[in-house]
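Novice: Chains as they are written, first to last, in my numbering: chain A, 1 to 226; chain B, 1 to 107.
Please keep in mind that the hints were generated in silico from the structure rather than gathered at the bench. Mixed in with the good hints, there may be bad ones.
[What the hints assert, rightly or not] Residues from chain B shown here face chain A by an in silico Cβ test under 8 Å; the list is partial: (1) Gly4; (2) Pro8; (3) Thr63; (4) Arg71; (5) Leu75; (6) His80; (7) Ala81; (8) Lys96.
[Stated by the list, open to error] With beta-carbon atoms standing in for the labels, derived distance ranges: (9) B:Gly46 with A:Asn173: 21 to 31 Å; (10) A:Asp194 with B:Pro91: 51 to 61 Å; (11) B:Glu94 with A:Glu80: 17 to 27 Å; (12) B:Asp49 with A:Ser38: 36 to 46 Å.
These numbers were taken from a predicted model, which means no experiment stands behind them. Cβ coordinates follow ideal geometry from the N, Cα and C atoms, glycine included.
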Amino acid sequence: MSDDHDHHAPIEGGDEISEFDVLETAIRELAIEKGLFSAEDHRRFMEWAEGIGPHGGSRLVARAWLDPHFKQRLLADGTETSKEIGIDWLDPTGTGTPSDFTYFYVLENTPAVHNVIVCTLCSCYPRPVLGQAPEWYKTPHYRRRVVRWPREVLAEFGLHLPPGVEVRVHDSNQKSRFMVLPMRPAGTEGWSEDQLAAIVTRDTMIGVAVPRADWNADRAPTEVRS
Amino acid sequence: MTVGGPYPVLMASVRSVGPPGGESARAPAPWEANTQATCDCLSRHGTLDPVERRRAEDELGATVYADFPVRARPLVVTAHALLELGAISEPELEAKMNAVRARFRKA
Numbered sequence: 001m002s003d004d005h006d007h008h009a010p011i012e013g014g015d016e017i018s019e020f021d022v023l024e025t026a027i028r029e030l031a032i033e034k035g036l037f038s039a040e041d042h043r044r045f046m047e048w049a050e051g052i053g054p055h056g057g058s059r060l061v062a063r064a065w066l067d068p069h070f071k072q073r074l075l076a077d078g079t080e081t082s083k084e085i086g087i088d089w090l091d092p093t094g095t096g097t098p099s100d101f102t103y104f105y106v107l108e109n110t111p112a113v114h115n116v117i118v119c120t121l122c123s124c125y126p127r128p129v130l131g132q133a134p135e136w137y138k139t140p141h142y143r144r145r146v147v148r149w150p151r152e153v154l155a156e157f158g159l160h161l162p163p164g165v166e167v168r169v170h171d172s173n174q175k176s177r178f179m180v181l182p183m184r185p186a187g188t189e190g191w192s193e194d195q196l197a198a199i200v201t202r203d204t205m206i207g208v209a210v211p212r213a214d215w216n217a218d219r220a221p222t223e224v225r226s
Numbered sequence: 001m002t003v004g005g006p007y008p009v010l011m012a013s014v015r016s017v018g019p020p021g022g023e024s025a026r027a028p029a030p031w032e033a034n035t036q037a038t039c040d041c042l043s044r045h046g047t048l049d050p051v052e053r054r055r056a057e058d059e060l061g062a063t064v065y066a067d068f069p070v071r072a073r074p075l076v077v078t079a080h081a082l083l084e085l086g087a088i089s090e091p092e093l094e095a096k097m098n099a100v101r102a103r104f105r106k107a
């Protein structure tokens with residue numbers, strides 16, 4: 001191993017460093033030097049932002065399934081109703097990220113309508129409720145194709161929708177972030193909020209999958225399904 | 001499994017990626033995440049209101065900084081806002097950028 005390591009080319013700084021790297025570092029270091037925040041503050045925000053998962057979104061969905069009034073509020077005003085589970089899109093000390101501030105819309109799936117989200121321009125994503133976007137969400141082929149051929153793209157994820165179901169694709173942007181409220185699957189009658197939240201995985205809230213009573217994202221997908 | 005290869009079919013797909021600036025360049029750069037955290041810090045400490053910054057991104061991004069990629073706008077507008085607020089000066093920023101550039105490119 002050490003021999004291999006010794007044979008690596010030295011890291012060349014030159015072409016790898018963009019002017020945006022330089023500007024970002026300069027701004028951050030000047031702000032720290034002037035006491036606007038500390039290097040540790042910055043590190044903590046980085047660590048925290050990178051650790052947000054889809055649990056907030058799962059909680060919103062599970063509660064909406066159990067409480068029709070909550071669901072009504074969530075569909076009417078996603079940004080405000082997120083606060084009820086401790087996610088404030090404006091408060092950096094909460095679970096939200098102010099840099100993502102925008103209008104947050106929750107889209108309800110029904111037997112007749114299936115929603116799916118995308119950001120055709122870049123990779124806008126409802127981070128406060130779903131965490132960091134999956135890599136495939138940022139790829140040009142997903143972004144470009146899902147708006148044109150949504151059924152085909154969903155089928156590539158293993159989601160085959162009946163012809164009678166209308167597919168609606170929602171394009172995120174700086175002003176609008178979306179999340180899908182999937183339909184509650186059969187076989188979950190009498191379940192608690194925690195039990196329900198466990199089956200509401202990230203992809204079901206993006207819209208490329210639907211929740212199942214017998215599956216959650218904490219399990220390693222080793223089972224072979226027919 | 002033996003090591004074998006390289007397989008032309010795989011090597012062709014590598015070549016198709018092309019030089020930096022193609023599809024692979026769409027992956028978020030570290031400076032984007034760093035900028036996000038800087039904005040969070042500036043907001044937390046009351047230096048820069050996040051909603052005002054978003055508005056400025058929209059306005060300046062469509063006008064003064066329209067030539068910048070969309071993903072660079074938060075960074076450029078944060079720098080712009082700190083200059084506008086007088087929190088940093090243009091000569092300071094220029095000097096710091098020169099120093100950072102020299103540091104990063106040091107052999």
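Novice: Quick one, is the B:Lys96 hint okay against chain A at 8 Å, beta carbons?
Specialist: 4 Å, holds
Novice: Within 21 to 31 Å: is that where the Cβ-Cβ distance between B:Gly46 and A:Asn173 falls?
Specialist: Holds, at about 28 Å.
Novice: Does B:Leu75 hold up as a contact with chain A if the rule is Cβ-Cβ below 8 Å?
Specialist: Holds, about 6 Å.
Novice: Let's test the interface hint: is any C-beta of chain A closer than 8 Å to that of B:Gly4?
Specialist: With Cβ-Cβ at 19 Å, over 8 Å, it is violated.
Novice: Given B:Ala81 was flagged as interface, is its beta-carbon under 8 Å from a beta-carbon of chain A?
Specialist: 10 Å, violated
Novice: Double-check B:Thr63 for me: the hint is only fine if its C-beta lies closer than 8 Å to a C-beta in chain A.
Specialist: 15 Å, violated
Novice: Confirm or reject the claim that B:Glu94 and A:Glu80 have a C-beta distance inside 17 to 27 Å.
Specialist: 43 Å, violated
Novice: Would the hint on B:Arg71 be counted as holding, given a Cβ-Cβ threshold of 8 Å to chain A?
Specialist: Hint holds; B:Arg71 Cβ to chain A Cβ min 6 Å, cut 8 Å.
Novice: State, for the Cβ atoms of A:Asp194 and B:Pro91, whether the hinted interval 51 to 61 Å holds or is violated.
Specialist: Between A:Asp194 and B:Pro91, where Cβ atoms are some 57 Å apart, the hint holds.
Novice: With a cut-off of 8 Å on the beta carbons, see whether B:His80 makes it to chain A.
Specialist: 10 Å, violated
Novice: If you check the beta carbons of B:Asp49 and A:Ser38, does the distance land in 36 to 46 Å?
Specialist: 20 Å, violated
Novice: Let's test the interface hint: is any C-beta of chain A closer than 8 Å to that of B:Pro8?
Specialist: Interface hint status for B:Pro8: violated (23 Å vs cutoff 8 Å).
The structure does not agree with the numbered hints 1, 2, 3, 6, 7, 11 and 12 stated previously, though it agrees with the rest.
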